[in-house]
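Colleague: Could you build the full structure based on these sequences and the hints that come with them?
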Amino acid sequence: MKLLGIVGSNADVSYNRFLLQYIQKEYASLFDLEIIEIKDIPMFNQSDDLTDSVMIQNLNRKILQADGVIIATPEHNHTVPAGLKSVLEWLSFKIHPLQDKPVMIVGCSFYDQGTSRAQLHLRQILDAPGVGAITMPGNEFLLGKVKEAFDDLGNLKDEKTRAFLSETLQKFVRFIGVASQLKVPEKLPEEDLHATGKIATTIADVDMHADDWVEQASAKVTPVKGDTYVELDRGILTVDQINGLLKSIPLEITFVDSNNQFLYYNHTADSEKMFAHRKPGQVGNPIGDCHPARAYAHVQAVIAALRSGQTDRVQMPVPTHGPDKYVVHNYAAMHDEDGHYAGVNEYILDIKPIVDFYLKKTGQQLTGGKVDAVSGASQKAAAPQVDAVSGASKKEAAPAPVAPAMPKVDGVSGASKKD
Amino acid sequence: MKKLIAIVGTNSDQSTNRQLLQCMQKHFANDAEIELAEIKDFPMFNKPVDKTLPECIQKLAAKIDAADGVIISTPEYDHAVPAALINALNWLSYGIYPFVDKPVMITGASYGVLGSSRAQAQLRQMLDAPELRARIMPSSEFLLANSLTAFDADNRLLDRESVKKLDGLFADFMIFIDITAQLNHAHNQNKKEAKEFSWDKL
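So the sequence lines, in the order shown, correspond to chains A and B. Residue 1 is where the first sequence starts when you use the working numbering, and the numbers rise one by one after that. Residue 1 is where the second sequence starts when you use the working numbering, and the numbers rise one by one after that.
Worth flagging that the hints you see were computed from the coordinates, not collected in a lab. The hints are all genuine.
Far from chain A, some chain B residues (derived; all Cβ distances over 12 Å):
1) N30
2) D31
3) L143
4) A145
5) D154
6) D159
7) L166
8) D178
9) H185
10) N188
11) Q189
Computed list of lysine-lysine pairs in DSBU-like fashion (alpha-carbon distance at most 30 Å, straight line):
12) K47(B) / K94(A)
13) K191(B) / K59(B)
14) K47(B) / K145(A)
15) K62(A) / K47(B)
16) K198(A) / K94(A)
17) K147(A) / K47(B)
18) K39(A) / K51(B)
19) K171(A) / K147(A)
20) K2(A) / K183(A)
21) K145(A) / K191(B)
22) K47(B) / K25(A)
23) K94(A) / K40(B)
24) K147(A) / K192(B)
This structure is a prediction, so every number in the text was calculated from the model and none was measured. Glycine included, C-beta positions come from ideal geometry on N, C-alpha and C.
Modeller: Structural data, given as C-alpha cells:
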C-alpha cells in the first residue's frame, strides 16, 4: 500500500515533519509512506494560474497514484497554516486529485490543544466540493506538547500515544479499502489514436501511413547520423553508439510520442521473431494503425491513464507465447523536464528466464500451487493472480489505483499487436 | 471622523469583495474615512526564525494600529478563508499585535447563494486566537450572495434590503467602536498575553 504524507508546515523545523518521519519508519511494514513538502509551492492566486507548474503537477501525480494521504497540520491562528490552505486551493481549482481520496489527519503542536481547531477546519476544507476527499471520521490524532514527545532517536516516548497511533493507522489502512469502493472510476478524455494533432516535434507534411515514413521524414529534417556526437544526460555518445546501446538492451523497446505517433523501435530482429511483431514500415504510423479497431478501447485506456498521471506504468502479461515464456508488456509514461507527459516507452520482455535465474542462484523454489500452464507462472509465487484468459492482472501487485481504472486487456489481441 | 482600514481578503485581480469594500468606502464617506488595504503581495508566511517582518506587513500593521477599526471582507475558498488572507493574519500576529482589542467588522461576498458564511465563521474563530484577539462585532454577519450581479455600474448595491442591512450594521459598527473603547479593563492584560504568546513556547 502506497501512502503520501503531506507536511503541512513550510517551516524549516517542523514537528509535523518529525511525526510523519516517525510514522514512515515505524510503520514501514504496514505501508510505504512517501513524505512530500509543500514549502516551495507559491501562494494560490486565481489570477495567476500555476496549475501547470512542475511542482503542482508533480504533487497532483503523486496524490493520484497514492492509495491514501496523511496530512500533518500545524495550527496557526486557530486554523490551518496559510501554506497548507494554499496547496489545497491549488488542488481544487483546475485539478482535483483529492477527489474521493482517503485522507487521514494528524497534527502536533507545542501546546496542549495539539491542533484541535486546525484539524476541524481541515476536515471542513477537505469536505468542500472541488476538494472532495474522503476523510476518515473520528480517530483524531492530536499530539500536544510535542517538544517533549519524541526521544533523541525521533521515537514517540509515550506508550499510550504509540498504541493509539498504531490503532489509528491500522484503521486507516482498512478505511482505505472501504473508501476505495466509493470511488467512481474517472472518465478520462478520449485519445486521438490517429495522431491527427501535432506537437512541437511532429515532422510535418510526411504521410504517417507510408512504409517509407522514416526515409521521407529524414529527408525533411536531416537528422544527425553515424559518428556525430550527441550530448545526453549524462554523457556524450555518437548516434551509432546510441543505436548500438538501444539494440543491446534485452527488451523490445517502442516509443510512441505524446501525439500518439509510433516513432521508434529498437530493430533487433525480424518481425516474426519478436514478441510484438513490429515491422520497419510501421514506424511513423499513428498508433491506431498498429492495432485492430477492436483493441482501441484498451489502447485508449492505457494511454489515457498514463497521460492523466493516474498511473506511471501499466504492466500486462500476454500469455500467447506458450508455457515456457512469461512475456510482459510494460507501458511507462515519459515526462519532459517540466513534468508534462511526453509519450510512452513500451518495453517487452520474457521474465521467465529472470525468475529461473533467481531461483537457481538463491536455491529457492516456487511452492504451494499448481503451475498455471497457460500463463506459465505459479499463481502463488507471482503475487498477482493472473487471469489467463483476459491476460490482465486483476490484482496488480502494488497500487490499487492502477487496477480499477484499467479495463481488462484482451490477451489474445495483445495491446500492441498488429492484426 | 473615524478612520477604518478595510482589508481585501483575497489576492485575486478580480474580486467582488474588493468591489464591496469600494462600495462601502463611497457609500459611508460621510460617516468614516475608509482606506482599502491589499494583501496580494505578501510573501508566504514561513515562521522566520529571526522574526523579521517584510516591510509591507509592517506598513499594514502600523495602519491597523492607528485605525479606529478594521473591516475585513473575505471570499470563501473550499469552505474556508482563502490562503492569502490566512497568510496575512499569520504575519500580522507574528511578533506584532495590531489586532489586539481592535474593533473588527466582517463582510463577505460570494458568487453563489451562501455568501461566504463558512469562511466568515472561520474568520471569527481565527480573530479570537490569543495572538490576534480582536474585538469582533457580534451578531453581525453581512453575507453578500450572488455578488457578480449585486452591483450597478457605479458600484452601488442594487438590492435595497442589502443596503438597509449594511447601513444598519455599519451604524452599529460605529457605536461598537465607541463601546469597545470602554471595554478597556482587560486591554493591558490582553496585550501582555498576546506578547507573551510565543510560537515556540505554547
